[in-house]
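Produce the entire structure from the sequences given, and follow the hints as far as they go.
2 protein chains.
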Amino acid sequence: MKIALDAMGGDLAPKSTVEGAIEAAKKFPDIHLVLVGNSEEIKNHMKDPIPSNITIHHASDVIKTEDEPVKAVRRKKDSSLVVASQMVKNKEVDAVITAGNTGAFMAAGLLVAGRIPGIERPALAPVIPTTGVNGILVLDVGANMDPKAEHLVQYALMGKIYAEQVLGIDNPRIGLLNVGTEETKGNELMKSTFPLLKEMPINFVGNVEAREVPNGVCDVLVTDGFSGNVLLKLTEGLASSIFAVLKKEFTKSTFTKLASLLLKPSLKNLKKQMDYSEIGGAPLLGVNGAFIKAHGSSDAKAIMNAVRQARLFLVNGVLEKIANAIEQEK
Amino acid sequence: MKIALDAMGGDLAPKSTVEGAIEAAKKFPDIHLVLVGNSEEIKNHMKDPIPSNITIHHASDVIKTEDEPVKAVRRKKDSSLVVASQMVKNKEVDAVITAGNTGAFMAAGLLVAGRIPGIERPALAPVIPTTGVNGILVLDVGANMDPKAEHLVQYALMGKIYAEQVLGIDNPRIGLLNVGTEETKGNELMKSTFPLLKEMPINFVGNVEAREVPNGVCDVLVTDGFSGNVLLKLTEGLASSIFAVLKKEFTKSTFTKLASLLLKPSLKNLKKQMDYSEIGGAPLLGVNGAFIKAHGSSDAKAIMNAVRQARLFLVNGVLEKIANAIEQEK
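Respectively, the protein sequence lines represent chains E and A.
If you use numbering that gives the first Met the number 0, the first sequence corresponds to residues 0 to 329, in order.
If you use numbering that gives the first Met the number 0, the second sequence corresponds to residues 0 to 329, in order.
Each pair may be met inside one copy or between any two copies, as identical chains are not told apart.
Taking lysine-lysine and the DSSO-like style, the derived pairs with C-alpha atoms no more than 27 Å apart in a straight line are: (1) Lys25 / Lys46; (2) Lys300 / Lys14; (3) Lys246 / Lys263; (4) Lys270 / Lys256; (5) Lys232 / Lys247; (6) Lys63 / Lys184; (7) Lys300 / Lys46; (8) Lys320 / Lys197; (9) Lys271 / Lys256; (10) Lys232 / Lys184.
These are calculated hints, taken from the structure and not from any lab test.
Okay, here's the thing in C-alpha cells:
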C-alpha cells in the first residue's frame with residue numbers, strides 16, 4: 000500500500016504534513032508514504048532518523064488556495080497535487096491525501112485520476128459533526144452541483160460502503176435530505192430519488208429534515224452538492240457564531256469571566272463535539288483511488304488521522320467494493 | 000384596515016389568538032380585527048369589555064397540523080383558514096394571520112386569495128436569527144421547490160420592498176445563497192440568477208455562503224425553496240441541539256450547576272438572540288393580501304406582534320409597491 004501526501008497543501012504545510020507523515024509511518028509499518036512537493040523544503044522539516052517507509056518525490060509547483068481549481072489542475076502539471084494524482088493514475092500509489100485547495104482536489108481526482116468504471120459522478124463526503132455519538136457522512140457537498148436521481152443512488156451505495164468499511168458502522172442508516180418526511184415531499188430531484196432508494200439493498204430510513212441532522216438521525220445523508228454545501232457550511236458557521244456570542248457574553252465582566260472559568264471543561268467538551276478537525280478528512284468517493292481531503296488547518300495529528308483513514312480505505316478494499324456494488328446495480 | 004385572524008390555528012389556539020387580538024385591538028385603534036373560527040370557543044376566551052374594533056366571524060371547521068395541505072384547503076371550505084383567505088379574496092379584509100399548518104397557509108394564499116398580477120410564484124419569507132443586529136429575511140423557504148431564475152429575481156424585488164417597508168431597513172443588502180463568492184459558482188439556477196440580479200435596481204451584494212449567514216452579512220437572502228428550507232431548519236435544529244448539549248454539560252454536577260447559575264443571564268441573552276419566536280411571523284410574499292404565518296407555538300404576545308407586522312404591511316402599501324416594481328421590471 001502506497002499513499003502519496005501532497006506535502007505543500009494546507010495552512011500549516013509542509014511542516015505539519017511532514018511531521019504527520021513521520022508519525023504515521025512509524026505507526027503503520029505496512030504502508031509506504033510518498034511525500035510529494037518541494038524536496039528541499041520537505042527535507043528541512045525532517046529530523047533523523049527518517050522512517051524507511053517514507054520517500055520524497057519532488058514536485059516544483061504548488062496549487063494555492065486562491066487558484067481557480069480546474070485551470071490550476073490543467074496548467075500546473077508539476078504541482079504537488081497534480082503529480083500525486085498522476086501517480087495514482089499510473090498505479091505508482093493507491094491514495095492521495097491533501098490539505099490544500101478543495102476545488103483543485105476534486106478536479107485532480109476527476110480529471111487526472113479518473114472515475115471508477117460505472118460511476119457517473121464522484122461525491123465529496125465529509126462527516127459533519129452532530130451532538131449524537133457519531134457524525135453524519137454527507138454526500139455530496141460540492142463535487143456535483145446539478146445531479147440526477149441516478150447519481151444520488153450511486154452516492155447512497157458509495158456512502159454505505161465507506162461508512163461500513165472506514166467508519167466501522169454496521170448496516171448504516173441512510174437518509175435523503177428533504178423538506179419533510181413524507182415520500183411525496185421535496186423538489187423534483189428528491190421526489191424522483193426517493194422511490195429509487197426505497198428499492199435498493201440499503202438500510203434506507205427515508206427523508207430526513209435538516210432540523211434533525213444535528214441529532215444524528217442517520218449515518219449517511221444523501222443530497223445534491225448545492226444543498227450539501229449549504230448544510231456543511233451552515234453547520235460550521237453557526238457553531239462558530241454561537242461560540243463567539245458565548246465568548247462575548249462570558250467575558251462581559253470579571254464576574255462572568257470567573258464563572259465561565261469554572262465551566263471551561265464543559266465548554267471544551269461542546270466545542271470538541273462540534274469540531275471538524277477532530278472528525279478526519281473527506282473522501283472523494285467514486286474516483287479511481289483513495290482520495291482524502293484533510294481540513295485546511297490540519298496539524299500533524301490530523302494528517303496522521305487522514306493517513307489512518309486512507310489506509311483503512313485500502314485495507315478494506317473500498318474501491319473494489321464500490322465497483323462491485325455498481326456492477327450489481329446495473 | 001381589516002385584518003382576519005385564524006383563531007383556531009396554532010398550538011395555543013384559540014386562547015392565545017383571542018388574547019393577542021384583544022391586546023392588538025387596544026394598541027392599534029386604526030385597525031379592525033376579525034376573529035375567524037368557532038364562535039363559541041372564541042367567546043369562551045373573551046372577557047368584558049371586548050374592544051369595539053373586534054368582530055367574530057364563525058367558521059365551523061379547522062385545518063389541523065397533520066392535514067395534507069392542498070387537500071385540506073380544497074375540501075375544508077368552512078375551515079377558519081380558508082374562510083379568512085376567502086375574505087381577502089372578496090376584499091372583506093386586507094390581511095390574514097395564522098399560527099396553524101404552514102403548508103395549508105401557503106396553499107390557501109395561492110389557491111384562495113391568488114397572486115399579485117405579474118408575480119409568477121409567491122415566496123415564504125421568514126427572518127432567520129443571526130448573531131448580528133438584525134436577522135436575515137430569507138426567501139423562499141418552501142413555497143416553490145423548483146424555481147427558475149426569473150422567480151428568484153421577483154423574490155429579490157419583493158424582499159427589498161418588505162425589508163424596507165416592514166422591517167425598516169434602508170436600502171437592504173441583498174445576497175444570493177451560493178457555494179462560493181465568485182460569480183461563476185453554483186448550480187445552474189444560481190449561475191443564471193447572478194447576472195440578472197446584478198442588473199437590477201437593488202443593493203445586490205453578490206453570492207453569500209451559508210457559513211456567513213449566521214453573521215448577518217446581508218439583510219435579504221434569495222434562494223430556492225429547497226435550500227432555503229434546509230437553511231431555516233438547520234439553523235433551528237442546530238441552535239437547539241447546542242443548547243441541549245450545554246444544558247447537559249452544565250447539569251453534570253452540583254459544581255457545574257452552580258457555576259452555570261451565575262451565567263444564566265448570559266445564556267439567556269444567547270438563547271434570545273437565536274430564538275425564532277422573538278422575530279415575528281413570516282409573510283407569504285406575492286399573494287394578493289398581507290398573509291402572515293406566525294410561529295406554531297405563538298403566545299398572545301407573538302400574535303400581537305404578527306398583527307403589528309400585518310398593519311405595517313398595509314399602512315406602507317407593500318402590495319401596491321410590489322405590483323409597481325414588478326410592472327417596471329417587465
